[in-house]
Amino acid sequence: MASSGVPAVAGAGPVPAGPVPAGPVPAGGPSGTGTAGAGRQPAPRRPGRNPLARSRARAGFLMSLPALVLVAVFFVLPLILVAWMSLNNWPLIGRATFIGVQNYSSLAHDKIFGHALWFTAEYTVIVTPIQIVLGYLLAVMVRRKLRGVGFFRTVYFMPVVTGFAATAYVFLVMLTPGVGVVNTVLESLGLSNGQTNWLTSPGLALVVAVILITWKTIGIAMILFMAAMQAVPEELYEAAKVDGAGWWRRESRITVPLIRRTTALVLVLTVAGSFLAFDQFFILTQGGPNNETLTAVLWIYTTAFVQYRTGYAGALSIVLLVLLILLSVAQIRTLRRGDEGS
Amino acid sequence: MATQSAAPVAFPATAGTAAGAAPGRVLRRVSHVLYYVVAIVAALLFLFPMVWALIRSLQGSVADNSAPTLGSLVHLTLHNYGNLVSTGTSVWTNAGNSLIVAVVTAILTAVVATLAGYGLSRLKFPGAGIAFVIILAPFMVPFQAMLTSLFTVLTWLHLTNNLVGLILVYTTFQLPFATYIMRNSFSTIPTEVEEAALIDGASHLGVLRRVMVPLVRPGIVTVVLFAFFFAWNEFLAALMLLTTNARMTLPVALNNLASGAYGQVDFGKLDAGAVIAMAPCVVVFLILQRYYVNGITAGAGK
Numbered sequence: 480m481a482s483s484g485v486p487a488v489a490g491a492g493p494v495p496a497g498p499v500p501a502g503p504v505p506a507g508g509p510s511g512t513g514t515a516g517a518g519r520q521p522a523p524r525r526p527g528r529n530p531l532a533r534s535r536a537r538a539g540f541l542m543s544l545p546a547l548v549l550v551a552v553f554f555v556l557p558l559i560l561v562a563w564m565s566l567n568n569w570p571l572i573g574r575a576t577f578i579g580v581q582n583y584s585s586l587a588h589d590k591i592f593g594h595a596l597w598f599t600a601e602y603t604v605i606v607t608p609i610q611i612v613l614g615y616l617l618a619v620m621v622r623r624k625l626r627g628v629g630f631f632r633t634v635y636f637m638p639v640v641t642g643f644a645a646t647a648y649v650f651l652v653m654l655t656p657g658v659g660v661v662n663t664v665l666e667s668l669g670l671s672n673g674q675t676n677w678l679t680s681p682g683l684a685l686v687v688a689v690i691l692i693t694w695k696t697i698g699i700a701m702i703l704f705m706a707a708m709q710a711v712p713e714e715l716y717e718a719a720k721v722d723g724a725g726w727w728r729r730e731s732r733i734t735v736p737l738i739r740r741t742t743a744l745v746l747v748l749t750v751a752g753s754f755l756a757f758d759q760f761f762i763l764t765q766g767g768p769n770n771e772t773l774t775a776v777l778w779i780y781t782t783a784f785v786q787y788r789t790g791y792a793g794a795l796s797i798v799l800l801v802l803l804i805l806l807s808v809a810q811i812r813t814l815r816r817g818d819e820g821s
Numbered sequence: 060m061a062t063q064s065a066a067p068v069a070f071p072a073t074a075g076t077a078a079g080a081a082p083g084r085v086l087r088r089v090s091h092v093l094y095y096v097v098a099i100v101a102a103l104l105f106l107f108p109m110v111w112a113l114i115r116s117l118q119g120s121v122a123d124n125s126a127p128t129l130g131s132l133v134h135l136t137l138h139n140y141g142n143l144v145s146t147g148t149s150v151w152t153n154a155g156n157s158l159i160v161a162v163v164t165a166i167l168t169a170v171v172a173t174l175a176g177y178g179l180s181r182l183k184f185p186g187a188g189i190a191f192v193i194i195l196a197p198f199m200v201p202f203q204a205m206l207t208s209l210f211t212v213l214t215w216l217h218l219t220n221n222l223v224g225l226i227l228v229y230t231t232f233q234l235p236f237a238t239y240i241m242r243n244s245f246s247t248i249p250t251e252v253e254e255a256a257l258i259d260g261a262s263h264l265g266v267l268r269r270v271m272v273p274l275v276r277p278g279i280v281t282v283v284l285f286a287f288f289f290a291w292n293e294f295l296a297a298l299m300l301l302t303t304n305a306r307m308t309l310p311v312a313l314n315n316l317a318s319g320a321y322g323q324v325d326f327g328k329l330d331a332g333a334v335i336a337m338a339p340c341v342v343v344f345l346i347l348q349r350y351y352v353n354g355i356t357a358g359a360g361k
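Chains as they are written, first to last, in the working numbering: chain B, 480 to 821; chain E, 60 to 361.
Only chain B is shown next, with the shape it has when bound in the complex (with noise of 0.2 Å):
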C-alpha cells in the first residue's frame, strides 16, 4: 500500500503493471488528467465525418449501454418514481389515488419522524468526531515503518469488510443478559451486577451503536489519513525538527493543515454514512424502546413495510433525499473553502 502512494507515471516507458488505479488518482490532480488527456488528442472533431471515428463513437456507445440501461431501470426510473409516490395515497398492493402534498402536510404533524430524524442527526453528531479523532489516531500509529505495522494496519481494518448484519448479531449476543460476554466480565471486574439490559435502555443502545459503527467502520478513516499523511513531503518534518519543532507542533502545524482535504472527506463519509444508518439499529433495538432509538431509514423502512403506508414513506424518503442534498452541498462547500486557503 505504501509503496502504491506516489508512482511515477513512465511516460512512454512500459505499460504500469502495478496497482493502476491507485496510481494518479490520490493526487487527484495534474497527473491523472494529464494523462487522459493525452488519449484525446488523436481523437477527430466531427465524429459524423470520418467513418473510423463514427465506428468508435458508436462502439463507444454501445459499450456503455448496460450501464446506462442499469441505471435507468434502477435508479433513476424508481428516483422519478419516489416522488410521484409521495404526491400519491399509495398502497403497497391496490390502486393508487393522487391526493397532492397531503402526505407531506400530515409529515409536518409526524412526531415519530421528527423524533427520527432528531435521533439520527444526534447519532451523526456523535459519531462523526469519533471517527476523525480516532482515525487519526490509529493513522498515525500505523503511518509508522516499524516492524509489524502492517499486521496492526491489518487488522484494524478487518472489520471494514465484514458485514454489518453479521457482526451486529455477534453483538448482541456478546450483550445478552445471560448469555453475552459482557456482563460476565463486567461483574467479575465487580463493575456491574451482570444484569445491565444493554440493548432496552435507550441511552446505552446508543453507546452500543456507537461502539459497534466506530469498530467497525474506524479502518475506512484509518486508511484515508495514513495515505494522506503518506504523501506529506518528509522535506517539511525534517526541516521543522531542524527548527527545534516537537511532535505535536510538527503534527499541529503541518501534517493537520496538509491533509484538510482528507479530513473533509471523512467528515463526508462518516455524515453520509451515519444518516443512513439502519442495520445496526434494525438488528439491536428495532428502534426501540419506545421508538427511542428510531433513525430515519428505519422509520421510512417501518411505515412502508410493516404499516404499508408506501406513499407517505415516499414522502418521508424525499424528506431525507433534499437533507442529503443538502448536506453533501454544503460539505462540498466547505471543501472547496479549505482547498482555497491552501
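Simulated from the structure, these hints should not be mistaken for lab results. Please note that the accuracy of each hint is not assured.
As the list claims (entries may be wrong) - Examples of chain E residues lying across from chain B (beta carbon under 10 Å, computed):
#, residue
1, I99
2, M109
3, I159
4, F191
5, V200
6, L298
Glycine is no exception: its CB is placed at the ideal position from the N, C-alpha and C atoms.
For this one, chain B is given, so just place chain E on it according to the hints.
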C-alpha cells in the same frame, strides 16, 4: 535523526550535547515499547468480537445459551454448524444464495463497468460526458432514500423475492464506484497500445478484450472485491426484497435465527451463522487486501 546533531547551532534548544543523547535513546526505547503495548491492546480489541464469536460458535448449545465460563470454553464441537437447519430451510442454503448473489454481482459489475469505463474514457461518443454523470449519480443518492419505489419497480418487473432482482439492484448501485475505477484505470494506459492493435484490424471489442483488459487487471480485481463484499453483506435491500426462507441471503437468514423459533433464540446457532457470514470476507480480504485498500484510496480521489 542524524541531521539534528549536524544542524547549525543557531537554535540553542536543539543543541543537544553528548550528555543529552543517552536519555534520548532511553526515551526512544520507552516510546517504542509503549507503542507496541498500545498497538497490541488495540489489535486485541479489534479482533475480540470476531474471535469470540468463533469460539462461542464452536461450543454446545447448552454452554452457548448460558453465560460463558472458562471451563466451558475448552469444549469445542461443530454441533452448531451441523445444526443450522432451522424451520425448514438450512442456513447453508442461505449461504449458498449469498454466494450466488455475491459472485454474480461481482462478475456482472466487472463486465458492465469495464465496458462502460472503456467506452467512456477511450471511445468518446457524443454525450459521453452526460452518460458518465448519469452512471455516477447513484453515488450521490443512496438507495436507502428510495426503498419504496425501488420495491415498486421490482414488483412491476416481477423481480421481488428473486435473486436476479437483487443482483441487478446490487450491480446498479456498485456501478458508480466500479465505472469510476475502470475509467481511471483505462486513462493511465498510453493510447499507442490500442492504436497499434486497431491498425492491425482488430475490432474495438477485440482490442478491449485481448489488449486492454490484461492491462487493467488490478482495477478489475478492485471492482470485483468491492462488489463481492457489498453483495455478500448487504442487508436492507435483501430484507425488503426477499420474502421466503429458501430465497433469503445469509444476513436476512441471521435475522430469522435471531427472531428464534417460538421466541427461543439459539445463540450458538446465531454465532455460527454470523461466523459463516464473516469468514469469507476476512479470508478474501487477507488474500487480496492490497486491491481493496487501493480501491478505498482511489475512490477517495474523487
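Hint check:
| no. | hint | result |
| --- | --- | --- |
| 1 | I99 | 8 Å, holds |
| 2 | M109 | 7 Å, holds |
| 3 | I159 | 16 Å, violated |
| 4 | F191 | 8 Å, holds |
| 5 | V200 | 6 Å, holds |
| 6 | L298 | 8 Å, holds |
Figure legend: structure checked against the earlier numbered hints; the only hint not met is number 3.
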